[in-house]
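*Asks:* One-letter residues, chain by chain:
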Amino acid sequence: MLSRVANCLYWMSRYIERAENIARLVDTNLQLLLDFRKLDEQRLAEHWLPVVQATGDEDEFFKLHPIATAEAVTEFMVFQMENSNSIMQSICQARENARMVRDQITGELWEELNRLYLFIRSQDARRLWDQSPSEFFEKIKASSLHIVGITFATLIHNEGWQFNQVGKFLERADKTSRILDVRHQTLPERGSPKSINQTEALEWSAILRSCSAWDAYKSIYGAEIHPKLVAEFLLLNEDLPRSVRFCVTELNTALRRISGVQEGRFVNEAEKLAGRLLAELQFGTVDEIFDRGLHNYLDELQLQLNSIGDALFESYFFLSFATFDEEVFVQQEEQQQQQARRLIGSPDRPRARPGPLKTA
Amino acid sequence: MLNGYRAENFFDEMVDAHDQVRPHYRRFQQLFSEIKPEDFDRYRQSVDLAFLRQGITFNVYGDAQGTEKIFPFDLVPRIIAHKEWERIEAGLVQRITALNLFLHDIYHEQKIVKDGVVPPFYVLSGKHFRREFSGFNVPKDIYIHICGTDLIRGSDGGWMVLEDNGRCPSGVSYVLENRRAMKRTFPGMFEEVGVRPVEHYAQELLKALQHIAPAGVADPTIVLLTPGAYNSAYFEHTYLARQMGIEIVEGRDLVVRDARVFMRTTKGLQPVHVIYRRIDDDFLDPTVFRRDSMLGVPGIVRAYRAGNVSLANSIGTGIADDKVMYAFVPKMIKYYLDQEPIIPNVPTYLANEESDKKYLLENLDPLVVKAANESGGYGMLIGPKSSKEEIEKFRGAIEADPRNYIAQPMISLSRHPTHVGNGQFEGRHIDLRPYIIYGEKITIVPGGLTRVALRKGSIVVNSSQGGGSKDTWVLYGDE
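Protein sequence lines correspond, in order, to chains X and Z. According to my numbering, the residues represented by the first sequence are 1 to 360, in order. According to my numbering, the residues represented by the second sequence are 1 to 479, in order.
With the rest of the complex left out, here is chain Z (with noise of 0.2 Å):
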């Protein structure tokens, strides 16, 4: 298995250009050659039969069936070593910490648009931006305690930042899911590898959660709030309430009372003091934000504002999820930690600056334009897959709302020997999406989810379009 492999002119993760096998991928290759073709089908149909067995699976949204599918899972692990994680960490904590930094600013002295490194239109602008939320200090100052950060490899293998997810990233259980499938599959080989674990991430999440209950709350009740069982991510809510111990409730199990937070039990109100949410801002408390929301809490932001009850994340941290804001970041690092980026950005235009927008016209077959506020693949242009009609459509769409379209340009995403049918492998582009828990400390998990776009030639790796996912192993060593 795995033989003849080649990287055809592209980055790749395991060969290198002459096609050889790179070093952290070798011990890998020699166990996984030894498989054969009849044994690695049977591996991967069980799997599969195993996952949806146990429902791990996503809501296709718009299907009157209610069809669950399960997320597309490949069974050659991504492999990073020792070294290179170690700088990928590095570089993470470094965003995080600025990120950080930057959303106590602008809810509070502004000092980094006084000094003239963000522009305040683009804050005050912002879709995310929560100016109800100016002055407020959010517990222990920390707003965003767990954050998905996308990377990618560009055609030399660079590491890059394409976004950052404050709001709700999701994501994690196929992490931890995906691991135990492989253990459960080739039990011999991480140790001969030398695999570092995963599986204390719901842990170290509650101790985040932990860390930041309401002051004089000695031991908090910590509730993942869900928006219910029809959400596309609900699988992944009830497996890191599971895994927490806590309870997982909807909106319609909590009520407020005098500025406090308490949920409905057969045994009458009882008090919850920390909320992992999993509903964006807009959903959240009706009295405050969208008011046709039924998914949250009458109140809720009142007990919050109160300090009776705590949420992660924060509210007002999607401003950082910004399309246009991503393209400060390497200011801010530079900004508040005086440091340059570790890993850098893609270089971005943004249509409102003027000689951004100029360029961006002139240049939309080649460039991919995203949307400032959206995600999933959702509200994307990629100029060299797109017809001119399409083309035109965003080019319309820019010149009418140029504040919310950013452009970058395509970036030939690294591959990876992925199965394809048959006990054949090819290059599949991948990225990678590690998740930051920001509590007393911060913390990440070795490794993430690693995303693969299925089809051949695809760049999307996102699930809603054709994209599955794979094992991440970060080795203890460097081969």
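If we strip away everything but chain X, and leave its shape as in the complex, we get (with noise of 0.2 Å):
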């Protein structure tokens, strides 16, 4: 498969997932604010500046908006193309990627995810959003599972779809540790909190709503919410399909479906960091994270991902991008070793090729 094509595999998938998760963190906390009576400025920005700093976009946002009210936050997650994660980029990111590698998705595929981008594109999209916000995102969150059903159901699962695998499970594992991510300024900076209020009940369960969690919670936790078993349900649960210890393993497996590399092995850097970081999910506990502190050990998390996608650039898609220049000079050389062996006789013998290119 080629680099290039492995790399946009990898990132529509990334994008789309984006999408879907940017747009389940801005729907909760609005359903949120329903539950609260009377909130002045203060209350506002201290409900809605967290929600921007969980997406890391901090700084871009305060380029653009002096405060954080709830027009300025929503509009800048959904809506912003400045904004170059908001759920608008997302979408033509994901949509641009697809469109590079048209002839290697569905038509199906390609078909929901240029709809999902005309419609999100349109007047009509501003308009169902002035309506109702929570239908608007019913509608994004609707198409992007749309999306990986139809990814499920009609692509071929060969070594494009694995990219596409890694990245559906990288970008979730980010963003589901992200949305744990927002309330942790009520939590002490190491141990957790021996009980919460009533408000703060209501912010850790739009949590679990965020991550489709919510009802599954109960069935395992019973009623009563708490920080502690919020974390370990979202990080350590083996079969909550947003937790993040079940995107790291699925990120793990596809990446050894990629090599063809079996467990407990590795033969590059991506896989040794996947391989460690899903032990340390499968055996580590929630009193450790919260020894720790929560918002220290997500940041670290959230590191751990991030080099996860820079070696996995590195060991896949770099050697695509060895300078044009450096390829230019490569060329020349070549022909004048050609034409120095030409004139002093001695016959054109192949040379043994040259090892991956050099990059800039």
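Hints should not be assumed to be uniformly reliable.
Derived EDC-like pairs (lysine to aspartate or glutamate); straight-line CA-CA distance at most 20 Å [as the list claims (entries may be wrong)]:
#	chain 1	residue 1	chain 2	residue 2
1	Z	K69	X	E111
2	Z	K267	X	E269
3	Z	K69	X	E112
Simulated from the structure, these hints should not be mistaken for lab results. All values derive from a computational prediction rather than experimental measurement.
Using the hints, put the two chains back together into the complex; each one sits in its own frame.
*Replies:* Set out below in structure tokens:
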């Protein structure tokens, strides 16, 4: 498979997953506000600022908006093209990547993604947003899930599909960890709180709802909401399809299908890092996590996920991007050598092929 | 529907001078007239929507929003009877055979020049003549593997060749997608009317590409080289690659080592043997042609010269697209094949010939002037529809560079019933671009792309200038 194609498939699914998760995050926080009465500007900013911080785009946000009002944050996260991670941008990027590899994906997948793109760029999207944000988010989520389903059910499960999976689960793990981090300011820096008040309970249940995990949580832990249990569920649960452990398990499996290397071994940095992280999630406990402090732990986790992405790039995509001038130079050199050999009359012997290209 | 449609002093494809439906349109016209206007409207909308959803679009250059537009599609098909198509087919085969012999000749012995049939000046001054390739033998001696030849019919209904596109002709994906849309919309009609299929185009193209694989390569790796997702024909590139089951690559996906071409994959470098390139010569290799080209592959020409990779179309075919060279094609047919052209040219005046030049400059008003190496409807003056200033501007350009201008009388292109809104149909001017594949044998998929000038009275059919397209039906029979 062409490296560029693998790269596009990876980013296509990452961006779709990103759009869906941002929709989840904003939607839940909008709904949460309905449960509170009379919030002043100060309280609203306290509510919305962490949402922006969770996505890691705080600096970008304040370049565009003076304070974190509901309008500013939602606009920033949903429609603003200047935010490279807004829902709008994510969908455009996903579609652009899909367009580059249209020959590699099915018509059904392309059409659904294109439909989502045409919708978000249309006036209908604004209209729906003005009428009912929750219906708007419902539509984004439904379309994303539809795309995930089409991908699973129509795309050939070959190498490209594995790259697609890697992108999806890496993004989902990252976003789950960020959604979980939204209320970290109400937690002590280390250790876990003894009990939480009514408002906080609502906030933590909103986190679960963002990850479609509310019902599953209740059936396992009962009706009582506790940050520690929420974190355990979203980080360490083996079966919840949006938990970090679940995502890393799938990610690890996809990586091994790409290289053909069995469990317990690795041939590249991405596999090593993914395997190590998976072991930590399998054998770690939530008490250890809270001893270190949830926020610190999540920060570290996000860095680990990033380095898996970087390593993947190094192992599979990077050799695509030798500089152009360098290539021109190599060709001229080869040509001169060929001419020199002709001049001295020695026969053209095939030389050993050089290894992977140096990169800039 | 379509009742009461009139030819109005034009040559019309569907009705004759007495407004009688021609025999090969009769069955279609009967079926079509049974469609209710409200149903027709529904069909039209659903086809447009399907095109937009599938992304069957072209990019509009110079549009900051990156707008993609659908190529407007008209649901009234253009129909060609069996006998007529046979003649067109024979004419096209004759033409491409002669063009191929011409290209071989001017890159080798140059007999046609030495015998005084084509003046050497015109060949040597051709913008797309690649003298670097003199004496070079292209694989299987085929130069133009894919040709899109534009045909028109004048006021007497006679067919003429308007131009040859022997570099990277585009548009064939619309032939295939238009047919798909028509089959979905009017499923019953095809069998009833007896329409020949076009779906085997990709298969035929793949066969031709396999045919030119370098010697000794049993199972060649074939790729389609695209300038990238921002090219206006990108949809077509991905479409064809998918239909043929080959990789679509950009220049940066390929690398040349020891005069061999490889593609960069997740498993390392893999050899490539045949390249269906949709990039013009100029951009192919920055170490040979334009140095500023970032689309190409450094070293690819050396690999081509070494015979390690084959290109379709070959390098240097652009000289045959030169509109000055076009004027000599009838002579080439006579010279190489000793035959009369089956499909004639449009009468053409060369600004560089003293006698023609005088006539041309004195008669710019009724003529159509074209730059020798432009396409897409650019670099063109339609005398009767232009202002004094535009005409004077062209006069200056012609006098400054006569080698690069030709002129032709304005042809009143044949018209075809076309939907103009609200269930109304009017005549609009059309042309036809059949696609010729030259591999082990010459294959032409029946029909081609019928382009239609949607603006009333316009004779410019290019998509960039308000053109649309129609499905083209070649019948099994003559009525």
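*Asks:* All hints, please: hold or fail.
*Replies:* A quick look at each hint next to the structure:
1. Simply put, K69 (chain Z) and E111 (chain X) have alpha-carbon atoms about 16 Å apart, close enough for the 20 Å limit, and the pair holds.
2. A hinted pair counts as satisfied when its Cα atoms are at most 20 Å apart, and K267 (chain Z) with E269 (chain X) qualifies at roughly 16 Å.
3. The hinted pair formed by K69 (chain Z) and E112 (chain X) meets the criterion: a straight-line CA distance of about 18 Å does not exceed 20 Å.
Of the numbered hints given earlier, the model fails none.
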